[in-house]
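K.L.:
Residue numbers (my numbering), protein chains in the order written: chain A, 1359 to 1829; chain B, 1359 to 1829.
Please keep in mind that the hints were generated in silico from the structure rather than gathered at the bench. It is possible that part of the hints are untrue.
Identical copies carry no separate label here, and so any pair may be met within one copy or between two of them.
No more than 30 Å apart at the CA atoms, straight line, and that leaves these computed lysine-lysine pairs for DSBU-like [claimed, not checked]:
{"hint": "1", "residue 1": "K1773", "residue 2": "K1762"}
{"hint": "2", "residue 1": "K1419", "residue 2": "K1597"}
{"hint": "3", "residue 1": "K1677", "residue 2": "K1398"}
{"hint": "4", "residue 1": "K1419", "residue 2": "K1398"}
{"hint": "5", "residue 1": "K1597", "residue 2": "K1376"}
{"hint": "6", "residue 1": "K1529", "residue 2": "K1677"}
{"hint": "7", "residue 1": "K1529", "residue 2": "K1597"}
{"hint": "8", "residue 1": "K1413", "residue 2": "K1597"}
{"hint": "9", "residue 1": "K1597", "residue 2": "K1571"}
{"hint": "10", "residue 1": "K1773", "residue 2": "K1365"}
{"hint": "11", "residue 1": "K1677", "residue 2": "K1571"}
{"hint": "12", "residue 1": "K1419", "residue 2": "K1769"}
{"hint": "13", "residue 1": "K1413", "residue 2": "K1571"}
{"hint": "14", "residue 1": "K1376", "residue 2": "K1419"}
{"hint": "15", "residue 1": "K1413", "residue 2": "K1398"}
{"hint": "16", "residue 1": "K1365", "residue 2": "K1597"}
2 protein chains.
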Amino acid sequence: MIRAETKPDDVHGMLASKGIVTSRGGRTSHAALVARQFGKPAVVGVMALDVDPEKREATIKRSSVVLREGDWVSIDGTTGEVFLGQVETMQPSLQEPALIELLGWADRVRRLGVWANADYPRDAERARSLGAEGIGLCRTEHMFFETERLPLVQTLILSRSEEERTEVLRKLLPLQRGDFEGLFRAMEGLPVTIRLIDPPLHEFLPAHDPLLKEVTELQTRLELRTGDIPAETRALESKRTMLDAVERLREMNPMLGLRGVRLGIHMPGLVRMQVRAIFEAACNCAEAGIEVYPKIMIPLVTHVDELRREQKSLEEEAKKVMGERNRKIRYKFGTMIEIPRAAITADEIASLAQFFSFGTNDLTQTTFGISRDDAETSFLAEYLTQGILPENPFDHLDEPGVGKLMEIAVKLGRKARPGLDIGICGEHGGDPKSIAFCHRLGLDYVSCSPFRVPVARLAAAHAALRGRPTA
Amino acid sequence: MIRAETKPDDVHGMLASKGIVTSRGGRTSHAALVARQFGKPAVVGVMALDVDPEKREATIKRSSVVLREGDWVSIDGTTGEVFLGQVETMQPSLQEPALIELLGWADRVRRLGVWANADYPRDAERARSLGAEGIGLCRTEHMFFETERLPLVQTLILSRSEEERTEVLRKLLPLQRGDFEGLFRAMEGLPVTIRLIDPPLHEFLPAHDPLLKEVTELQTRLELRTGDIPAETRALESKRTMLDAVERLREMNPMLGLRGVRLGIHMPGLVRMQVRAIFEAACNCAEAGIEVYPKIMIPLVTHVDELRREQKSLEEEAKKVMGERNRKIRYKFGTMIEIPRAAITADEIASLAQFFSFGTNDLTQTTFGISRDDAETSFLAEYLTQGILPENPFDHLDEPGVGKLMEIAVKLGRKARPGLDIGICGEHGGDPKSIAFCHRLGLDYVSCSPFRVPVARLAAAHAALRGRPTA
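If we strip away everything but chain A, and leave its shape as in the complex, we get:
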């Protein structure tokens, strides 16, 4: 799959592809993150490529080479190389006896748990087969992008009628319940950390600029009175309604906007439905004799009072479901630590949260004041080339800055709640250097994409060995 860049609604195309190439974006672009999650090789930010999705072709700039749909291209996601034609490849096997033995040794010495980020049962199964001991991050919003669900979510966002919203939530509930049942079955009693909806709402709506173009074009045509006027008038009206909604939800800095727990507080019905789905799924599994252990994770908390509001109301819903079903489920409510203020006030936050998970992608963005969407193709790239930053803080945890905040959070959190579970679920959870730091910090586990689990097991063992006194 070759694209200028990918968006959440390309996920199905990405799933169907063998590998992904984009002409824009960096290591933490949507394409790179999702490819890693799906275990697809990807080369992103190939700036020499001019991609024309309309013509279904891509041109290599300053050359006569044109790639057309169906042409063979081979890619190496590790080195970032793209080859014309079909290069001979081989499938690495993770079932080699020697590798299994080595990983067994690693498991005996490591102290860090190794969990996986998985949104679908198939990812969870793969993660377990590679040795994951739990799910550290299930991103529930991915489930909302599926073809039959997106229109429901859009209705939920756009509707001004309480009845209509209730109706949509009633339709979404069994779908979400099915998602979670699949995850619980795949994990059989291992912890499954489910993050409640996180992204800004506009991500579920059509993109703004093409819509503005369409509306302007229709308007101009109507003013010039050409073509089928009644049909164009109707089209204009419906497009304009959508444009108004998109503009109402548009934010100057969406990364710092109406997301995470803020969204949960703003649209309480949606997250309450999610919690109901989690506990109904858990009760269904328990009734079928399958052990379950959901950990419900509230994202983007900044102030303990957000958690006070949100966790209380959600725990009530959980208890309601367990009461209806007359079942007791083992569970925890916790939060992500991904905003500097949450790290600094971690003692207050741990008075309510039963676990912490560091979201180091966002924590790096806010601690540095850098938007990775913009920076990796502009000044951050310049900084790395010029040696102003020693390394990309999105690749390796920045120990003096972000790491210091994590240290403060671990100390304050465990002071307020001794034995507090603490993990990490950002991209850094799969980076050996960052894993070594997490070991030294005394975290309980790292969570990474399923394909990185074996690497993380080895890295965790290395970290533990390095800490041992030498003879």
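We have chain A; now place chain B onto it with these hints.
P.N.:
Using the frame of chain A, we list chain B on its own:
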């Protein structure tokens, strides 16, 4: 002046107005910030108002009241009330002998210095007359929005020719030099803190959406082949060039993008010109027998290596000017502390920076992960209404979060550089509650808009008195 919201190019209209009303935006919107700076009363976020700038009128929603250009409206910026017609008012005098005596008592007990944020000589003069002991923040970008300068700045941004850029900088130099000379003359040897260019480049270019609309409309007209085709083709071409440039510079999250020191490193000629202008102006004043004390402030530093690159190259330029003019000027290079990472690594930063100034607007945004552009009219307003946050952190410094980071920065900074000058130049510098906190933190000064200087003098005295042992 009544507007839906204001933008930097409305500044001249705002200067000419007696008071400002907007239908959108909150306490830290552009309208509110600039009005405070200019000492104009303002009421922002009057959502009941429908403003139609084309018709030059504003309608009060769900009523028949229409305000037309020239109609009388009276406003109370403290209570946020808007009155139809001309209400009787009186001008408060800051020259009352009783007030002068009271402020004199305050000055004798306060320990905090009181400086002012001032971009123009007239603001600096006003600030001094109200008792300011220095300028804590001169925002140099405001100077670039002036009518004759904006086209130059746009050429600078858009040009791909080194010669053209050099030519623009040559034209901007005497204008900037004049700006700084005026400030130095007004302050007569008191410290003048000049912040090098800070905002993202797109703020100097036309807004994206209207441009996209214009291009689409022209394109549609041309496709339908109506009107004056050669003229429309030319118009389309020039608009499209500008649109391409705007899109190239557009960022997903401009608040976390190519700004501050990042911009200085990206376009080194521009900030070097600013430093040259500062030192040429300083030498001119010194030659005229006027004492000067410039403090050059590098904004948005995240990592000490940014400062290492930037400060070194700028200090070389400063020394070059002093060499050319054979003058020694007293000066300091320092930085803003407005990003969490800068606060946490303040010891490294203080190894180079000779002063710190807390930019608590941005520090609050990054510490909370909140964009004030978006939040104050959406979830932050909800949070305050529902009591989820005890108060607006943009009004009063958030002591447990942002304040904690400031405390860390003060401690680390002074450990690395004993006696380090530390001030604050965010909006909080004019808020009595925040001033009391700054006193307890041991800052050297607060800097606020000129009209808040008397209030800050009193608040600083209150803070000092509260700290005294009672008899």
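K.L.:
Against each hint, give a clear statement of whether it holds in the structure.
P.N.:
Hints, one by one, checked against the model:
For a Cα distance limit of 30 Å, the shortest separation of K1773 from K1762 qualifies both inside one copy, at 17 Å, and across copies, at 18 Å. With identical chains, the CA atoms of K1419 and K1597 are at most 30 Å apart between copies only, with a shortest distance of 25 Å across copies and 36 Å within one. In this homomeric assembly, K1677 and K1398 never come within 30 Å of each other (Cα to Cα): the closest approach is 40 Å inside a single copy and 55 Å across copies. Taking the shortest Cα distances, K1419 and K1398 sit within 30 Å of each other inside one copy (26 Å), while across copies they are farther apart (54 Å).
Taking the shortest Cα distances, K1597 and K1376 never come within 30 Å of each other, neither inside one copy (35 Å) nor across copies (41 Å). Taking identical chains as interchangeable, the C-alpha atoms of K1529 and K1677 lie at most 30 Å apart only when both belong to the same chain, with a minimum of 22 Å there against 70 Å between chains. With identical chains, the CA atoms of K1529 and K1597 are at most 30 Å apart within one copy only, with a shortest distance of 26 Å there and 47 Å across copies. When the C-alpha separation of K1413 and K1597 is checked against a cutoff of 30 Å, the pair qualifies both within a copy, at 25 Å, and between copies, at 26 Å.
Taking the shortest Cα distances, K1597 and K1571 sit within 30 Å of each other both inside one copy (10 Å) and across copies (15 Å). For the homomeric pair K1773 and K1365, neither the shortest alpha-carbon distance inside one copy (41 Å) nor that between copies (47 Å) is at most 30 Å. Taking the closest pair of Cα atoms, K1677 and K1571 never come within 30 Å of each other, the shortest separation being 49 Å inside a single copy and 52 Å across copies. For the identical chains of this complex, K1419 and K1769 are neighbours neither inside a copy (52 Å) nor across copies (53 Å), given an alpha-carbon limit of 30 Å.
In this homomeric assembly, K1413 and K1571 come within 30 Å of each other (Cα to Cα) both inside a single copy, at 20 Å, and across copies, at 25 Å. For the identical chains of this complex, K1376 and K1419 are intra-copy neighbours only, at 24 Å inside a copy versus 56 Å across copies, given an alpha-carbon limit of 30 Å. Only within a single protomer do K1413 and K1398 lie at most 30 Å apart by alpha-carbon distance; the minimum there is 25 Å, versus 56 Å between protomers. For a Cα distance limit of 30 Å, the shortest separation of K1365 from K1597 qualifies both inside one copy, at 21 Å, and across copies, at 28 Å.
In terms of the numbered hints stated before, the structure departs from hints 3, 5, 10, 11, 12, listed from lowest to highest.
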